[in-house]
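Let the sequences and hints guide you as you build the complete structure.
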Amino acid sequence: MQTLRRKDILGLEEMSAEEITLILETARSMREIMQRKIKKVPTLRGRTVLNLFYEPSTRTKASFELAQKYMSADSVSVAGTSSSLVKGETLKDTVRNVEVMGIECVIMRHPVSGSAYYLARNVEASVINAGDGMHEHPTQGLLDMFTILDKKGRLEELKVTIVGDIRHSRVARSNIWGLQKMGAEVVVSGPPTLMPPDLEAFGIKYCPCLEDAVDGADVVMALRLQKERQEGGLFPTLREYAEIYGLTSQSIAKAKDDLLIMHPGPINRGVEISSELADSNRSVVLEQVTGGVAIRMALLYLLMGGVKEE
Amino acid sequence: MTTLLIKGGRVVDSFSNFDGQADLLIKDGVIEALEKGLKPPSGSETIDAQDLIVMPGLIDMHVHLRDPGYEYKEDIITGSRAAAAGGFTAIAAMANTDPVCDNPTTIHYVLERAGNAAVNVYPIGALTKGLEGKEMAELGRMKNAGAIAFSDDGRPVVNGTIMRNAMQYAAGLDALVIAHEEDLDLAAKGMMHEGSVSSVLGLRGIPASSEEAMLARDLMLLKTTGARLHIAHVSTAGSVQLIRRAKAEGLTVTAEVTPHHLLLTDRAVKNSGYNTNTKVKPPLRSEQDRQALWEGLLDGTIDAIASDHAPHHTDDKDVEFDFAPFGIAGLETTLPLLLDELFSGRIKGLTLSLLVDKMSTAPARILGLNGGALQPGSAADVTIVDPKRSFIVNPETWHSKSRNTPFAGRQLSGAPVWTIVGGSVVMKEGVIAEQE
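The listed protein sequences correspond, in order, to chains D and R. In terms of the numbering used here, the first sequence opens at residue 1 and continues consecutively. In terms of the numbering used here, the second sequence opens at residue 1 and continues consecutively.
Among the clues, some could well be false.
Said to hold, decoys possible - Restricting the straight-line Cα-Cα distance to at most 16 Å, the calculated cross-link-like pairs of lysine to aspartate or glutamate (EDC-like) are:
| hint | chain 1 | residue 1 | chain 2 | residue 2 |
| --- | --- | --- | --- | --- |
| 1 | R | K189 | D | E89 |
| 2 | R | K143 | R | D174 |
| 3 | R | K317 | D | E13 |
| 4 | R | K270 | D | E13 |
| 5 | R | K317 | D | D215 |
| 6 | D | K159 | D | E228 |
| 7 | D | K92 | R | D174 |
| 8 | D | K92 | R | D315 |
Read the hints as simulated data drawn from the structure, not as lab findings. This one's a predicted model, so the numbers in the text were calculated from it and none came from an experiment.
As structure tokens, this is what we get:
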């Protein structure tokens, strides 16, 4: 099998369609492992991984940890509150200390955009970005594409509408880059105050009216709305947001019949998406989570397993 | 004092619009003569300036020396040595130290330390006490103690009434007010210029309007206060427009631009992979802004070039982007960067005479210094440049304590080789003369 010719996974903007295809294909084999009764392969036995989470996370952290267990890697998890960050140690010092203990791959979530680049420059270990500030969340973008591909059989020429707080969303950025590289059309919708300035830089279309934005869409993805955006004065109230930009059976009426409804979680029910839609058979929210483990197994394999076989 | 003859150089004196071969005779710290074929008087030293360019000593009217309070980043002595190495004979030090330079005692402290400095150091006093923007500082007493201008640089004066009063009061003292134009609400927690690059990088943006809105306010205040107002580090096309219009209306406003805003854009943040040495306030702007700054510089809207030397310790900068302080250290790169632009011919209309005006004659005029000219009777502050000297920017070799530059590794042509302050050589070929 082919391998990735790179040390780190920092974002989908810098990845090629070929690399993304390789990851998605590898993830498919990984999902087979997950479907076995004994979900464990010895591929990464004796290899060590650090999960470094400077922000709280349930899904992503559990997903990476399970992927490591299924691949037989040894791993340590350090969370923001228990880390030396609170003791005033710099990120560089923290990771260098852990690296000399033999860590070969660092999975990091961090509140500052670009911190994954900073880390990758400062350690020899591979770095997988598990979300850096508002910049990228490449494994989420990959698992979303994996889910779409699984359900639709293709990514090319699909219309994907992403709704909500694009401006502050690393999930949106990774999806925008990844989906376009794979030939999908991306449209975004939401209030103008939640759109990134100079949106043209992403090569996407912005359609402020949700009903029109989902017209003919194959996939609609709602983003989690952070409550602090309201406090920042970017929109008036949650109920107004829900009324104008929330996904409901009425607001998505113009989408295709076989529309996939996605959400990276955790969901604010009744805000970004109605409970009715979230629990409907068009929603693939839980499939996204399953795909997440497969994608992370694939990345661990491609970064650590494929190359350094001894 | 000795007599010094600088022989055979190309002399560029923007003050008298002179550009040609001439000899410069210095006696007792003052320029004695500027003529062709001067004979060295007995006992004089001679500098052979053949193939070199002789200009009035450069003046950097905007530097941060971090002293008192942050001497681990820089101090008055190391900052002055960096200035000498960079071809500057005088620097004006901003007031955002700890304690803030908002009182005559701190002005005295700076001047006393400056007595041992390599170049002339002029303290700028704070406009408001503690830079808090609440109460006017003792401008008159600080002026009597030796403050050369007044500024809360690093912060704007948020309250319009306080700015208005300070400008009006300063006018009565014929004191220069230097304004840092930034609407802090609009700049919010921004990390870089707001635009397509900040969007892609996921960094919070600092919109151009954050500078322009505050600048527009101060220009309106200028109409009735009659102050002399100088705008620090202009960074946007809109600001250039506002200043151009204000000057056309006859307002007494001057402005400066930094080399990094002239040479870099927001793309540098992306191309460097979030290098914190590209993090500066005002932020590196768009290509359109950058071009407008050159236009403004060439048409006289922008009067001066200043480094806004903002030294930081490597430990402070070697962190995640959001956590790093803003600032670029520029004393040892400003002149070479501009000489390189000039000699490369990249900027149409940029001449040596214009550069000398922006870096020497104009700052001297704005600050009211005896300098910026090579006329008999002027202070003998001279910078001599080798246009052929080519080198690679290496902050490890700096005289500054800091290393924070986005220009590391750049190949440049043109460098200062002699810096002369009051008739004494303070820098020769990069070596700083030790003070007695």
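Here's how the hints hold up against the structure:
A hinted pair counts as satisfied when its Cα atoms are at most 16 Å apart, and K189 (chain R) with E89 (chain D) does not qualify at roughly 23 Å. With a C-alpha separation of about 10 Å, the suggested pair K143 (chain R) and D174 (chain R) falls inside the 16 Å cut-off, and the hint holds. Proposed proximity of K317 (chain R) and E13 (chain D) is contradicted: the alpha carbons are some 26 Å apart, above 16 Å. A threshold of 16 Å between alpha carbons decides the hint, and for K270 (chain R) with E13 (chain D) the separation of about 12 Å falls inside it, so the pair holds.
As the CA atoms of K317 (chain R) and D215 (chain D) are separated by approximately 48 Å, the hinted pair breaks the 16 Å bound. Among the hinted pairs, K159 (chain D) with E228 (chain D) is inconsistent with the structure: their alpha-carbon atoms are about 30 Å apart, more than 16 Å. For the proposed pair K92 (chain D) and D174 (chain R), the alpha carbon gap of about 51 Å is over 16 Å, so the pair is violated. Taken as a hint, the K92 (chain D) and D315 (chain R) pair is honoured in the structure, with Cα atoms around 11 Å apart against an allowance of 16 Å.
Against the hints set out earlier in the document, violations occur for numbers 1, 3, 5, 6, 7.
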